Amino acid sequence: DAKTTQPPSMDCAEGRAANLPCNHSTISGNEYVYWYRQIHSQGPQYIIHGLKNNETNEMASLIITEDRKSSTLILPHATLRDTAVYYCIVRVAIGSGNTPLVFGKGTRLSVIA
Amino acid sequence: DSGVTQTPKHLITATGQRVTLRCSPRSGDLSVYWYQQSLDQGLQFLIHYYNGEERAKGNILERFSAQQFPDLHSELNLSSLELGDSALYFCASSSRTGAGNTIYFGEGSWLTVV
Numbered sequence: 287d288a289k290t291t292q293p294p295s296m297d298c299a300e301g302r303a304a305n306l307p308c309n310h311s312t313i314s315g316n317e318y319v320y321w322y323r324q325i326h327s328q329g330p331q332y333i334i335h336g337l338k339n340n341e342t343n344e345m346a347s348l349i350i351t352e353d354r355k356s357s358t359l360i361l362p363h364a365t366l367r368d369t370a371v372y373y374c375i376v377r378v379a380i381g382s383g384n385t386p387l388v389f390g391k392g393t394r395l396s397v398i399a
Numbered sequence: 003d004s005g006v007t008q009t010p011k012h013l014i015t016a017t018g019q020r021v022t023l024r025c026s027p028r029s030g031d032l033s034v035y036w037y038q039q040s041l042d043q044g045l046q047f048l049i050h051y052y053n054g055e056e057r058a059k060g061n062i063l064e065r066f067s068a069q070q071f072p073d074l075h076s077e078l079n080l081s082s083l084e085l086g087d088s089a090l091y092f093c094a095s096s097s098r099t100g101a102g103n104t105i106y107f108g109e110g111s112w113l114t115v116v
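Protein chains in written order, with this note's numbering: chain G, 287 to 399; chain D, 3 to 116.
So here's chain D without its partners, still in its complex pose (with noise of 0.2 Å):
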């Protein structure tokens, strides 16, 4: 269990719809990670979130948007999905301080576009 949480697990929706994915860092956690891993893309970085600023963008459509709370948990929505958005998302966090920190996985969510 690496200490990071993401809701839901499973979540199948229609295309056009909106999601909100949820993630809780590990305790104290300052940084939040989002990434999405479909079957022929591999892992990719979306949003970088660290005690609340965006700190980098990598491949995020601009249907996406995430935000980080002021208790840290963070949330990523997806708005018109596509079939093509089908995806596994993936939370991470890591701490702030420490050269060489950790950066530590929550299972996924996975989401199903239909």
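Only chain G is shown next, with the shape it has when bound in the complex (with noise of 0.2 Å):
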């Protein structure tokens, strides 16, 4: 079962950021938040991850609280082609020790002109 909660659906405009909300309140100390986002039935897509601190890439920034109990993912600035669904994950990867993605519902995200 996932671990993880989020809003089912979420609506940005064009140009604006996009703050997409995850809950991990029983996240384990040796377990990352992972990023993942579908477009339409393509492979999901790597995001980003992170365990504690703050994590940013050319795709987006990861805020984790400093519980780590939530974090929010943010697209800068969101166009037409992020219109996608999101998964927030978390997962022990440790190693030859990891463990598979378990995906929940998601967050369907769609950018607005």
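Heads up, some of the hints might be wrong.
Claimed, not checked - Computed beta-carbon distance windows for the label pairs:
1) G:A299 / D:E55: 44 to 50 Å
2) G:L337 / D:T7: 40 to 46 Å
3) G:H363 / D:S81: 46 to 52 Å
4) D:K59 / G:R302: 40 to 46 Å
5) G:N343 / D:E55: 31 to 37 Å
6) D:T17 / G:N316: 33 to 39 Å
Since the hints were derived computationally from the structure, they do not count as laboratory data.
Here the structure is a predicted model, which is why all the values come from computation and not from measurement.
Positions of the beta carbon are idealized from the N, C-alpha and C atoms, including for glycine.
Make one complex out of these two single chains by using the hints.
Written as structure tokens, this is what we have:
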């Protein structure tokens, strides 16, 4: 079962920042927070992940609260191509002990022109 | 392009038949994962192989089986197919080294059972 809670849907105006929340109140110390997205029926696309610290890459920023019970994915300037289902996943990921990704229902983000 | 290659991209077959889906992981990745996505079920984890050994099983039916070969490619075998097996099947791979490593997905194989 998914260990995260996300709103089922969100809208965002094109060019504005999209802030996608995720609750993971039962996260363990060795679990990372991962974000993936799926555009229509394409393969899920990796966005970003983090353990404790905030992370940023060319696609997005990940803000993790100090108690690690929630996080926010930020797409700084959303475009129409960012319309997708976004999945927040917690996962143990250490060496050969990797666990699979368990997907929940995610948040359907609609970017509106 | 994630570097994970899946074949075939599309497959139509009849009920009762058997099919094999193939996956080539990213170069050097030792872990392969299989997922099923049907319209009403979302993305469901099926099975995980690491360097040829089965590591974890999810919601995989007994009619389905998988294996990972010495060259690290993997095959998912689906037999006695039913209409409800129509779905997108994704393969994904990840490396062994490093904490917090990333899983990369292929573009999937569309299976239609008629």
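Hints violated by the structure (numbers, ascending): Hints 2, 6 not satisfied by this model.
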